[in-house]
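Residue numbers (my numbering), protein chains in the order written: chain A, 1 to 637; chain B, 1 to 271.
Derived from the structure by calculation, the hints contain no laboratory data. Glycine included, each C-beta is placed from N, C-alpha and C at the ideal position. Heads up, some of the hints might be wrong.
What the hints assert, rightly or not - Here are the simulated EDC-like cross-link-like pairs (lysine to aspartate or glutamate), alpha carbons at most 16 Å apart as the crow flies: (1) B:Lys153 x A:Asp403; (2) B:Lys199 x A:Asp407; (3) B:Lys153 x A:Asp407; (4) B:Lys199 x A:Asp410; (5) A:Lys628 x B:Glu130.
Unchecked claim - Quick look at which bits of chain B chain A covers, simulated, 3 or more residues with Cβ under 8 Å: (6) 81-87; (7) 95-103; (8) 206-213.
Stated by the list, open to error - Sample of chain A residues at the chain B side, in silico, Cβ under 10 Å: (9) Thr26; (10) Trp440; (11) Ala629.
Listed here are the chains, written in short residue letters.
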Amino acid sequence: MLDFFTIFSKGGLVLWCFQGVSDSCTGPVNALIRSVLLQERGGNNSFTHEALTLKYKLDNQFELVFVVGFQKILTLTYVDKLIDDVHRLFRDKYRTEIQQQSALSLLNGTFDFQNDFLRLLREAEESSKIRAPTTMKKFEDSEKAKKPVRSMIETRGEKPKEKAKNSKKKGAKKEGSDGPLATSKAVPAEKSGLPVGPENGVELSKEELIRRKREEFIQKHGRGLEKSSKSKSEAPKEKGKKAPRVWELGGCANKEVLDYSTPTTNGAPEAALSEDINLIRGTGPGGQLQDLDCSSSDDEGAAQNSTKPSSTKGTLGGMFGMLKGLVGSKSLSREDMESVLDKMRDHLIAKNVAADIAVQLCESVANKLEGKVMGTFSTVTSTVKQALQESLVQILQPQRRVDMLRDIMDAQRRQRPYVVTFCGVNGVGKSTNLAKISFWLLENGFSVLIAACDTFRAGAVEQLRTHTRRLSALHPPEKHGGRTMVQLFEKGYGKDAAGIAMEAIAFARNQGFDVVLVDTAGRMQDNAPLMTALAKLITVNTPDLVLFVGEALVGNEAVDQLVKFNRALADHSMAQTPRLIDGIVLTKFDTIDDKVGAAISMTYITSKPIVFVGTGQTYCDLRSLNAKAVVAALMKA
Amino acid sequence: MASADSRRLGDGDGAGGAFQPYLDSLRQELQQRDPTVLSVVVALLAVLLTLVFWKLVRSRRSSQRAVLLLGLCDSGKTLLFVRLLTGHYRDTQTSITDSSATYRVNNNRGNSLTLIDLPGHESLRLQFLERFKTSARAVVFVVDSAAFQREVKDVAEFLYQVLIDSMSLKNTPSFLIACNKQDIAMAKSAKLIQQQLEKELNTLRVTRSAAPSTLDSSSTAPAQLGKKGKEFEFSQLPLKVEFLECSAKGGRGDPGSADIQDLEKWLAKIA
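Next comes chain A alone, as it looks inside the complex (with noise of 0.2 Å):
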């Protein structure tokens, strides 16, 4: 069933490799590599190439990579429990030769691990069989069985009625003080014991809510009381700790899946977030209840109750945390990185960058940092910290070679001109950032052709006139041996910019011009009819370089935009390859100050490297990235 199996380290070596069919694993596996792991799209650990679904595991501690491939037609129910078995067998199996530093032991040593690996296969095939009919997904395990519950808080109406309910009855906890905390405290309730239907849950109107949350402050009162008194004595100790509520009624359902009390964000700091987790897990059946005393609180207690066990956890464990933290050979978890990764991730958004694509970064620094064994001297927050300045810097790298001038001079010698389309959303400076090219490329002694495509927006013309006058005022004919270095191509308004386009390309040919700069007009992504126009433009023209023109103001937008440009060029396009966009010019760079999230953003959707950066108003402000600059300003606090 499965394709292959293999295990390398990082360095690049095959350590074992199971074939399942005759086919070499190395393409796929290197197609995984590059888009994936270099790309810093690590956050899922699959990946589809051609008809292959691969599915991989990283092991940072030992440095290791764990990869199988099947048939994408296939789904492979055992495949992630393999990939972990494996995993923790080899690990074990091998330590002493994927310990050491050198890869010489890893060289020599020899893993033989067919036996193994055809046991676990074996064993997970079956474990698979014997579930073969199989049962159908309970709601809880539902994505459907997750939503409701946000969905539900969000109604903010219903939160001073709550509120109000609390305090009338007077032994209320301060459960309606926060939104998320209510509800998600309910929700077990909801699912596990009282009569209704688990789909039913979905829908529940606001009334029967209420009602419901009545019927759990009544039963939650009662108990209270009851056990109020016994637990007194620890009450000062465990005060402002959450507990998972759990009811006589609730069966045996799993408390872990249903605990969705998420830490709050509001107030609360973040660093008390692993430990509240911890604590909330390891409360017994039993249950600690919530101090009584505290009744319905505003928001400021519940956060000032929330630091408190965090403080008191940290002097506890200090001495062990001190002792641990010198001795050095701890590995990373997840949990230990949350709070930070949170902080990089709300300060990356800060910055700019857009929220989607903050979170993805995060998560793939995480992945890559799992298990990881941190240096004696370093912290959580510094390791952290370092991992994702060098993901950032390695998305920044251009993953493509840009060197303008090179294959201009390409062009040249082959008696052709070198084509490049300029396009963007409305008012991102797109004429502007072209003339500055064109002055650029001018100093550099080449002969330019502007190509007047924007045949819409009034006054287009006319400002490409002014810029080529300025122009060639700049390089008059006569410093080039009468040659005429710069003129526009124009062919007035309400025409089609794919023709005006061609014959500018033609005009340019036998006039000798080395380069043409095509403006087009300023579209938004979501207007099909000009994406369309804007894809015709391309594809009947193929020019040798499509640029697209973006703020460094834009936020979130950058990746809408982006991805609906790519869209449309893909979808319109006939060829094999579709042509896509390029290059990117960053425009208004020096508006931002070091709010410069949106480079990041606009390189990690692409992977296309941004090959100009416009920094002011006049010919000579054009730079190009600076990547360390770039991160430097990002990382900066």
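Since the structure of chain A is already known, use the hints to place chain B on it.
Only chain B this time, still in chain A's reference frame:
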């Protein structure tokens, strides 16, 4: 107590002022002639000295003993690395990180070098080059001779970067361009590769100097490669660049079939 002490030492190496109240209390306790305090202090000093000594030894050893294997993706760096170390053939994948190992040179002195295989992928190579270039005693730039015609621009660009970087170092490393994959029939010879690279680097010099300046204003003018106003040749460089042909793959699985004797000789020479 001991752990608290050492943590302070570990945390604040640079901030001497922070120790002041601490030292005072220490002195006070010393005057009380408490033997435990004295022993703790002595122990700490010993640990500190060992650390410093260890660090010194390490830094000395790693400096200038490394041979970097550089090159584009799929040029055969990792396989060459394996062949040099073990002589066997191994399947390889695209490297994500560096791998290093001690290489015993086969000359009569029995010196050892540290071979470091760096990833060749575009998004990684400059980062790793930055990290390891200071410790380089020699650089082996691996070129895929069979795909050279197609990749010539990329090869030249990376080579340009490496040359500029290694020229700016204090002790310039020895430089070797290994034209790998000579076992393939269509492979270019070392002579031709040298000519093409010289031509390509010549144009690259022009385009690089004409490129728009980078964002940070502090960027200094990049070093000039070779002599100005003259066609570029490798002989103009302050460091000696050698070319040789090799084949890391050879016949599969057969230890003797790889053609890397020249490379081994060169490594023995520079060790």
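We went through each hint and held it up to the structure:
For the given pair, lysine 153 of chain B sits about 10 Å from aspartate 403 of chain A by alpha-carbon distance, which is consistent with the 16 Å threshold. Straight-line distance between C-alpha atoms of lysine 199 of chain B and aspartate 407 of chain A comes to about 15 Å, which keeps the hinted pair within the 16 Å bound. A hinted pair counts as satisfied when its Cα atoms are at most 16 Å apart, and lysine 153 of chain B with aspartate 407 of chain A qualifies at roughly 10 Å. As the CA atoms of lysine 199 of chain B and aspartate 410 of chain A are separated by approximately 13 Å, the hinted pair is consistent with the 16 Å bound.
At roughly 12 Å between alpha-carbon atoms, lysine 628 of chain A and glutamate 130 of chain B fall within 16 Å of each other, so this suggested pair holds. Requiring three or more residues with a Cβ within less than 8 Å of a Cβ of chain A, the coverage given for the stretch 81-87 of chain B holds, as 4 such residues are present. Given a C-beta distance limit of less than 8 Å, the hint that chain A covers the stretch 95-103 of chain B holds, as 8 residues qualify and 3 suffice. By the rule of at least three residues with a Cβ nearer than 8 Å to a Cβ of chain A, the coverage given for the stretch 206-213 of chain B holds, with 6 such residues.
Here the hint on threonine 26 of chain A is kept, as its CB sits about 7 Å from the closest CB of chain B, short of 10 Å. A cut of 10 Å between beta carbons decides the hint on tryptophan 440 of chain A: the least distance to chain B is about 6 Å, and the hint holds. A cut of 10 Å between beta carbons decides the hint on alanine 629 of chain A: the least distance to chain B is about 4 Å, and the hint holds.
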